[in-house]
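Count along the sequence shown from 1, add 337, and you get the number used in my numbering.
Just so you know, the hints here were simulated from the structure itself, not pulled from any lab data.
Note that this is a predicted model, so its numbers are computed, not measured.
The C-beta atom is built at its ideal place from N, Cα and C for all residues, glycine as well.
Among the hints, a few may not be true.
Unchecked claim - Quick list of simulated restraints, FRET-style, between CB atoms:
id	residue 1	residue 2	range
1	S411	R508	25 to 33 Å
2	R512	I460	19 to 27 Å
3	N487	G446	25 to 33 Å
4	G410	K513	27 to 35 Å
5	P412	V518	17 to 25 Å
6	P342	G522	42 to 50 Å
7	P412	G522	26 to 34 Å
8	D453	G418	22 to 30 Å
9	G520	G446	36 to 44 Å
10	G369	A423	32 to 40 Å
11	F496	G446	35 to 43 Å
12	P353	A461	31 to 39 Å
13	K390	G517	37 to 45 Å
14	A448	G522	45 to 53 Å
What the hints assert, rightly or not - Straight line, CA to CA, 30 Å or less: simulated DSSO-like cross-link-like pairs of lysine-lysine:
id	residue 1	residue 2
15	K378	K493
16	K378	K341
17	K493	K513
18	K341	K390
19	K390	K493
20	K341	K376
21	K378	K390
22	K376	K493
23	K513	K376
24	K376	K390
25	K493	K341
26	K513	K390
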Amino acid sequence: DQAKPGSAIHAGLLTPQGKILVDFFVLPSGDGFLLELSKAKLAELIQRLTVYKLRTQVAFAEEPSYAVAASWGSPPHLPEGAIAYADPRLPELGHRILLPANADISNLGCALATEDEYHARRIALGVPEGGRDYAYGDAFPHEAMFDQLNGVDFKKGCFVGQEVVSRMEHRGTARKRIVGVEGEGALPPSGA
């Protein structure tokens with residue numbers, strides 16, 4: 338209900354214990370929806386969603402496959418077949434762009450940044466990414482900042498893992514959070 342044409346929502350699929358299995362973006366497209374997620378998690382998501390479809394006429398397809406880009410500042414000029422939407426987590430993250438495999442990115446009208454530059458910006462803004470900054474199957478939405486980055490709708494009805502997530506929200510019982518740290522010298526090892 339929250340996904341409107343021209344915009345997207347940030348969402349996740351949780352275990353019954355409330356831990357994040359996969360996170361993704363949901364984007365309305367024609368009569369259906371596009372889900373933007375890591376290719377490594379695609380088969381798992383389709384398998385799990387298939388369990389929930391019951392007798393509903395729903396089809397899952399791995400195509401079309403897009404390359405993902407991001408832009409901040411002025412919106413880019415989109416090549417044919419590209420789809421852009423504002424990153425729903427934070428306005429400062431700009432736009433996410435889904436590019437068809439054969440898209441010409443030479444005329445986007447903006448300076449191209451590297452993947453490392455994007456991650457540096459994301460990290461500086463305090464936005465964690467699943468599989469990089471927290472382990473799937475091991476983090477609760479509050480620990481991964483879903484509650485502060487528009488990843489949980491507390492007005493929505495039931496969802497798998499809702500009891501734990503709701504309890505954390507209303508009792509303030511999140512024991513861990515991803516936070517930014519600044520300092521000099523070497524960073525602590527992953528998981529510290």
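Now for the hints, and whether the structure bears them out:
The beta-carbon spacing between S411 and R508, approximately 43 Å, falls outside the hinted interval of 25 to 33 Å. Distance hint for R512 and I460: a CB-CB separation of about 22 Å, consistent with the stated range 19 to 27 Å. Distance hint check for N487 and G446: the Cβ-Cβ separation is about 28 Å, which falls inside the suggested range of 25 to 33 Å. A beta carbon spacing of about 34 Å between G410 and K513 agrees with the range 27 to 35 Å that was offered as a hint.
Between P412 and V518, the C-beta spacing of about 32 Å breaks the proposed range 17 to 25 Å. Between P342 and G522 the beta carbons are some 48 Å apart, a value that agrees with the proposed interval 42 to 50 Å. Under the hint 26 to 34 Å, the C-beta atoms of P412 and G522, about 39 Å apart, miss the expected range. Separation of D453 from G418 is about 27 Å and conforms to the stated range, judged on CB atoms against 22 to 30 Å.
Taking the beta carbon of each, G520 and G446 are about 38 Å apart, inside 36 to 44 Å as hinted. Distance hint for G369 and A423: a CB-CB separation of about 20 Å, inconsistent with the stated range 32 to 40 Å. Checked against the hint of 35 to 43 Å, the pair F496 and G446 passes, with Cβ atoms roughly 40 Å apart. A hinted range of 31 to 39 Å for the beta carbons of P353 and A461 is consistent with their spacing of about 35 Å.
Between K390 and G517 the CB atoms are about 39 Å apart, so this pair conforms to the stated range of 37 to 45 Å. At roughly 32 Å, the beta carbons of A448 and G522 sit outside the given window of 45 to 53 Å. Proposed proximity of K378 and K493 is supported: the alpha carbons are some 25 Å apart, at most 30 Å. Between K378 and K341, the direct Cα distance comes to roughly 24 Å. Compliance with the 30 Å bound is thereby established for this hinted pair.
For the proposed pair K493 and K513, the alpha carbon gap of about 24 Å is at most 30 Å, so the pair holds. Straight-line distance between C-alpha atoms of K341 and K390 comes to about 22 Å, which keeps the hinted pair within the 30 Å bound. A distance of roughly 18 Å separates the Cα atoms of K390 and K493; the hinted pair therefore holds under the 30 Å criterion. With a C-alpha separation of about 24 Å, the suggested pair K341 and K376 falls inside the 30 Å cut-off, and the hint holds.
As the CA atoms of K378 and K390 are separated by approximately 19 Å, the hinted pair is consistent with the 30 Å bound. For the proposed pair K376 and K493, the alpha carbon gap of about 28 Å is at most 30 Å, so the pair holds. Proximity of K513 to K376 is assessed by CA-CA distance (about 28 Å); at most 30 Å being required, the pair is judged to hold. Proximity of K376 to K390 is assessed by CA-CA distance (about 21 Å); at most 30 Å being required, the pair is judged to hold.
At most 30 Å may separate the alpha-carbon atoms for a hinted pair to count; K493 and K341 meet this at roughly 16 Å. Note on K513 and K390: the hinted pairing is violated, with a Cα-Cα distance of about 33 Å set against a maximum of 30 Å.
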